[in-house]
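J.: Each chain, letter by letter, is given below.
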Amino acid sequence: MKRFTDLYSRLDSTTKTNEKIAAMVDYFNGAPAADAAWAIYFLSGRRPKRLIQSRRLREWAAALTDIPDWLLVECHSAVGDSAETAALLLPAAAHSSDLPLHQWLETRILPLRELDDEQMKQQVLAWWATLDGMERFVLNKLLTGSFRVGVSQRLLTRALAQQSGIDEATVAHRLMGHWEPTPDFVAALLSHETTDADVSRPYPFFLAYALEETPVVLGSVEEWLVEWKWDGIRAQLVRRHGQSFLWSRGEELVSDRYPEVIAAAEALPDGTVLDGELLAWADGKVLPFAQLQRRIGRKSIGKKLLRDVPVLLLCYDLLEWQGKDVRHQSQWWRRERLAELLAAVDRPHLPLSEIVESDSWEALATIREESRDRLVEGFMLKRKSSPYRVGRRRGDWWKWKIDPYTIDAVLIYAQRGSGRRASLYSDYTFAVWDEGELVPFAKAYSGLTDAEMRRVDNFVRRNTRERFGPVRSVTPKLVFELAFENIQRSNRHKSGIAVRFPRILRWREDKQIEEADTLDTIKAMLP
Amino acid sequence: MSLLLELNDHGLYCAAGDFYIDPWQPVHRALVTHAHADHSRPGSAHYLIAEASLPVSRWRLGAEAPIETIPYHKPIEINGVRISYHPAGHIIGSAQIRVEYRGEVWVASGDYKIAPDPTCAPFEPVPCHTFITEATFGLPIYRWPEEAAVFGEVNDWWRQNQADGKASVIFAYALGKAQRVMTGIDPTIGPIFVHGAVNNMNRMVAQAGLSLPHSTYVNEAPAKTDWSQALIIAPTSARGTPWLRRFGAISTAFASGWMLVRGQRRRRSVDRGFVLSDHVDWEGLMLSVAATGAERVLVTHGNVPVVARYLREARGIEAYGLATPYGTDDDDATAEESE
Numbered sequence: 001m002k003r004f005t006d007l008y009s010r011l012d013s014t015t016k017t018n019e020k021i022a023a024m025v026d027y028f029n030g031a032p033a034a035d036a037a038w039a040i041y042f043l044s045g046r047r048p049k050r051l052i053q054s055r056r057l058r059e060w061a062a063a064l065t066d067i068p069d070w071l072l073v074e075c076h077s078a079v080g081d082s083a084e085t086a087a088l089l090l091p092a093a094a095h096s097s098d099l100p101l102h103q104w105l106e107t108r109i110l111p112l113r114e115l116d117d118e119q120m121k122q123q124v125l126a127w128w129a130t131l132d133g134m135e136r137f138v139l140n141k142l143l144t145g146s147f148r149v150g151v152s153q154r155l156l157t158r159a160l161a162q163q164s165g166i167d168e169a170t171v172a173h174r175l176m177g178h179w180e181p182t183p184d185f186v187a188a189l190l191s192h193e194t195t196d197a198d199v200s201r202p203y204p205f206f207l208a209y210a211l212e213e214t215p216v217v218l219g220s221v222e223e224w225l226v227e228w229k230w231d232g233i234r235a236q237l238v239r240r241h242g243q244s245f246l247w248s249r250g251e252e253l254v255s256d257r258y259p260e261v262i263a264a265a266e267a268l269p270d271g272t273v274l275d276g277e278l279l280a281w282a283d284g285k286v287l288p289f290a291q292l293q294r295r296i297g298r299k300s301i302g303k304k305l306l307r308d309v310p311v312l313l314l315c316y317d318l319l320e321w322q323g324k325d326v327r328h329q330s331q332w333w334r335r336e337r338l339a340e341l342l343a344a345v346d347r348p349h350l351p352l353s354e355i356v357e358s359d360s361w362e363a364l365a366t367i368r369e370e371s372r373d374r375l376v377e378g379f380m381l382k383r384k385s386s387p388y389r390v391g392r393r394r395g396d397w398w399k400w401k402i403d404p405y406t407i408d409a410v411l412i413y414a415q416r417g418s419g420r421r422a423s424l425y426s427d428y429t430f431a432v433w434d435e436g437e438l439v440p441f442a443k444a445y446s447g448l449t450d451a452e453m454r455r456v457d458n459f460v461r462r463n464t465r466e467r468f469g470p471v472r473s474v475t476p477k478l479v480f481e482l483a484f485e486n487i488q489r490s491n492r493h494k495s496g497i498a499v500r501f502p503r504i505l506r507w508r509e510d511k512q513i514e515e516a517d518t519l520d521t522i523k524a525m526l527p
Numbered sequence: 001m002s003l004l005l006e007l008n009d010h011g012l013y014c015a016a017g018d019f020y021i022d023p024w025q026p027v028h029r030a031l032v033t034h035a036h037a038d039h040s041r042p043g044s045a046h047y048l049i050a051e052a053s054l055p056v057s058r059w060r061l062g063a064e065a066p067i068e069t070i071p072y073h074k075p076i077e078i079n080g081v082r083i084s085y086h087p088a089g090h091i092i093g094s095a096q097i098r099v100e101y102r103g104e105v106w107v108a109s110g111d112y113k114i115a116p117d118p119t120c121a122p123f124e125p126v127p128c129h130t131f132i133t134e135a136t137f138g139l140p141i142y143r144w145p146e147e148a149a150v151f152g153e154v155n156d157w158w159r160q161n162q163a164d165g166k167a168s169v170i171f172a173y174a175l176g177k178a179q180r181v182m183t184g185i186d187p188t189i190g191p192i193f194v195h196g197a198v199n200n201m202n203r204m205v206a207q208a209g210l211s212l213p214h215s216t217y218v219n220e221a222p223a224k225t226d227w228s229q230a231l232i233i234a235p236t237s238a239r240g241t242p243w244l245r246r247f248g249a250i251s252t253a254f255a256s257g258w259m260l261v262r263g264q265r266r267r268r269s270v271d272r273g274f275v276l277s278d279h280v281d282w283e284g285l286m287l288s289v290a291a292t293g294a295e296r297v298l299v300t301h302g303n304v305p306v307v308a309r310y311l312r313e314a315r316g317i318e319a320y321g322l323a324t325p326y327g328t329d330d331d332d333a334t335a336e337e338s339e
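Line by line, the protein sequences are chains A and B.
Here the first sequence is numbered in this note's numbering, starting from 1 and rising by one per residue.
Here the second sequence is numbered in this note's numbering, starting from 1 and rising by one per residue.
Treat the hints with care, since some could be wrong.
As the list claims (entries may be wrong) - Not close to chain A: a few residues of chain B, all C-beta gaps over 12 Å, as computed:
#: 1; residue: L4
#: 2; residue: H86
#: 3; residue: Y142
#: 4; residue: T183
#: 5; residue: T188
#: 6; residue: W258
#: 7; residue: L287
Claimed, not checked - The calculated label-pair distances, taken between Cβ atoms and stated as ranges, are:
#: 8; chain 1: A; residue 1: S473; chain 2: B; residue 2: L287; range: 35 to 45 Å
#: 9; chain 1: B; residue 1: Q207; chain 2: A; residue 2: A93; range: 35 to 45 Å
#: 10; chain 1: A; residue 1: P91; chain 2: B; residue 2: G165; range: 31 to 41 Å
#: 11; chain 1: A; residue 1: A187; chain 2: B; residue 2: G165; range: 48 to 58 Å
#: 12; chain 1: A; residue 1: A93; chain 2: B; residue 2: P213; range: 28 to 38 Å
#: 13; chain 1: A; residue 1: V199; chain 2: B; residue 2: G248; range: 44 to 54 Å
#: 14; chain 1: B; residue 1: P191; chain 2: A; residue 2: A187; range: 43 to 53 Å
#: 15; chain 1: A; residue 1: A290; chain 2: B; residue 2: R246; range: 42 to 52 Å
#: 16; chain 1: A; residue 1: Q488; chain 2: B; residue 2: P305; range: 36 to 46 Å
#: 17; chain 1: B; residue 1: Q207; chain 2: A; residue 2: P440; range: 42 to 52 Å
#: 18; chain 1: B; residue 1: L3; chain 2: A; residue 2: S473; range: 25 to 35 Å
Derived from the structure by calculation, the hints contain no laboratory data.
Values in this document were obtained by computation on a predicted structure and should not be read as measured data.
A virtual CB, placed ideally from N, CA and C, is assigned to each residue, including glycine.
Taking the hints into account, I'd like the entire structure generated from these sequences.
T.: In structure tokens, the structure reads:
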């Protein structure tokens, strides 16, 4: 555990990529495979099902140190993290012990599930007494399953590749899907053999960056494949050995949630992997994302929901064909094979993504204006000659999104953030005018620079009107320009509207609150 | 009935003695607890400070400022009000000001800490009826680690940087924290260099009789200095500036109480955070309040409502907040303010 805690400290104390990789390489060089397996498990963002609610941890720590509830709320709000709050509240450890990471997990942490609440508490309190501050924090993170350490999948992949001498793409692929954190897994992951047995394993997704300038810089339009950019859920459909697996981009297996797609997948030949977008679709057109949201997170899908919100997989890429990995083939080649394949299976739940034909970027720009009416976010641009790459890369795939909606709104509530923004008032609620009153209509958490955020934080502290637990209402004085992607009617919101992906575009220090927009202006934007 | 010390728009005022403590506007008579800029402001017609504070206060207030000094523990009378200064353990020359009138005793503690600090006289609890306390770190999550352990980490970091060929740049407030860092680290590891702001303060502190390990002003460093072996002490204002370029590859660190909280560490985007504060932690605050025996506590700057409420509810002490503009000009206090 000490070795793993040291790794955590090193990763946490630098923002430099090379130092993070060096820290991981050092760790993997020294750690036994049984520990390395768990380290990889956590660093790749996996976690055991949450054992203990984070709230419970901080409550136990508060009880142990005789701290009243209201004071605990203040502490938590200053730290922004329950596991850390609990670790900080406790006095220094009386004595110290060191147990390897895998033993912590396998003989201590995972068996907690078998215990009742009181036993669990006694157990955790006893562990706390033997750990120093940082180890205690890491333990708490493991217990609550909220272990994040600022290491991307790509960084972990690079560290493992560097340490083992296996190429990055292979490591990335072997890290995908479901696996158990065992020494055998580590051996297979870092093996120079090329047998990969897991039938369900998806490929790493290729992700696009947003195009911030005119597509003219991309060269001739003929070199590019242009498709609508849909607002759905990115997914990979794997068909092997008569079985089908649907993976979300978060590497979550979501087969059970979309039975109609899985049923259609039966028609695919073995050795096929498709990349596409899950969309709610009825009467020949896409439904708003809010409809699709009703299907997300539901493990069991009722008949009514299945009928009201039918879902399909709009397919746009082919990663495995006739049992072979074809990611190295050109975009155009893959597209042609995909079109042939989908035409042959002919399933309405597996349609082919439409290509938008045009002979110039100018003409495309005109067509792009239809995006809002079509309920899409703009275009995807894919270089016809490019392979299917791993992770987010510049150059071959671009999102050419339409400009967001914008509105000037007034800051009325603020709350302290978490993580990097802990203890800063960085989470805001904004209002617009409605018949002479300010009506809250959106929350936003991002978009300001650190310096601006500190200034707003200062403003909030000096202009607080009322406190409601962690939330403060502030004197309406500051105006911000907000951007959002989409707008819908909503009964759940006081304003009667709901907006998607609201964020702060800029602080309008030149504007008085009287100049902020009205609810009517926003309603006029409704499609 | 009016209180012995009350806030007005110039500062904390004693009507009986007709003087102010740490006023933020110019006044005719200012009693000043310590030389940080949020407590010690120029423009007043007369200043009374602790003896050991003279060189730094002179620097802060100007050569012409009418400053009178007083040794710790020596009582004097101002308009029939009995005054004495007592060590606050915050920085060199920092004082708690004891005010006694007709049998009633108040202590304005300014900023203080109870952790050991070789750069200043240690905090002494002064029995009083009313105690005015800061609350910069007034939450039970703030529990300072042993100083020796922290300096052990700093030394290790410095040695590791030397091995990696990187200059070690530590950001610390020029007055107080910088000197504490210098006296805490192991000067045999390598040469120490200081930024101009720190160099100025070091000179003032030396005039006050404090001996520091040898350091060189960065601008006077010999050509071809091997920065990779050096520890460089700079104020936070130097962070992210071109001034740092001369050192080549660097590792940066920040010495502050805020570094205890991970979110704060990450927000500073320094390579290392060392938990070193010149303010009292939660437990220290509670111990200090208890040691004064005060039946009333007034809380200024920091987590004011939290400390006041806790003292009322958990300790049964009459406690409330006092709205002052302190806590806007030193590293620890500015974590949530502008930099």
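J.: Next, verify each hint and record whether it holds.
T.: Structure-based check of each hint:
{"no.": "1", "hint": "L4", "in the structure": "28 Å, holds"}
{"no.": "2", "hint": "H86", "in the structure": "29 Å, holds"}
{"no.": "3", "hint": "Y142", "in the structure": "8 Å, violated"}
{"no.": "4", "hint": "T183", "in the structure": "24 Å, holds"}
{"no.": "5", "hint": "T188", "in the structure": "25 Å, holds"}
{"no.": "6", "hint": "W258", "in the structure": "9 Å, violated"}
{"no.": "7", "hint": "L287", "in the structure": "14 Å, holds"}
{"no.": "8", "hint": "S473(A) to L287(B): 35 to 45 Å", "in the structure": "36 Å, holds"}
{"no.": "9", "hint": "Q207(B) to A93(A): 35 to 45 Å", "in the structure": "44 Å, holds"}
{"no.": "10", "hint": "P91(A) to G165(B): 31 to 41 Å", "in the structure": "39 Å, holds"}
{"no.": "11", "hint": "A187(A) to G165(B): 48 to 58 Å", "in the structure": "36 Å, violated"}
{"no.": "12", "hint": "A93(A) to P213(B): 28 to 38 Å", "in the structure": "33 Å, holds"}
{"no.": "13", "hint": "V199(A) to G248(B): 44 to 54 Å", "in the structure": "53 Å, holds"}
{"no.": "14", "hint": "P191(B) to A187(A): 43 to 53 Å", "in the structure": "49 Å, holds"}
{"no.": "15", "hint": "A290(A) to R246(B): 42 to 52 Å", "in the structure": "56 Å, violated"}
{"no.": "16", "hint": "Q488(A) to P305(B): 36 to 46 Å", "in the structure": "40 Å, holds"}
{"no.": "17", "hint": "Q207(B) to P440(A): 42 to 52 Å", "in the structure": "58 Å, violated"}
{"no.": "18", "hint": "L3(B) to S473(A): 25 to 35 Å", "in the structure": "32 Å, holds"}
Consistency with the previously given hints fails for numbers 3, 6, 11, 15, 17, ordered from lowest to highest.
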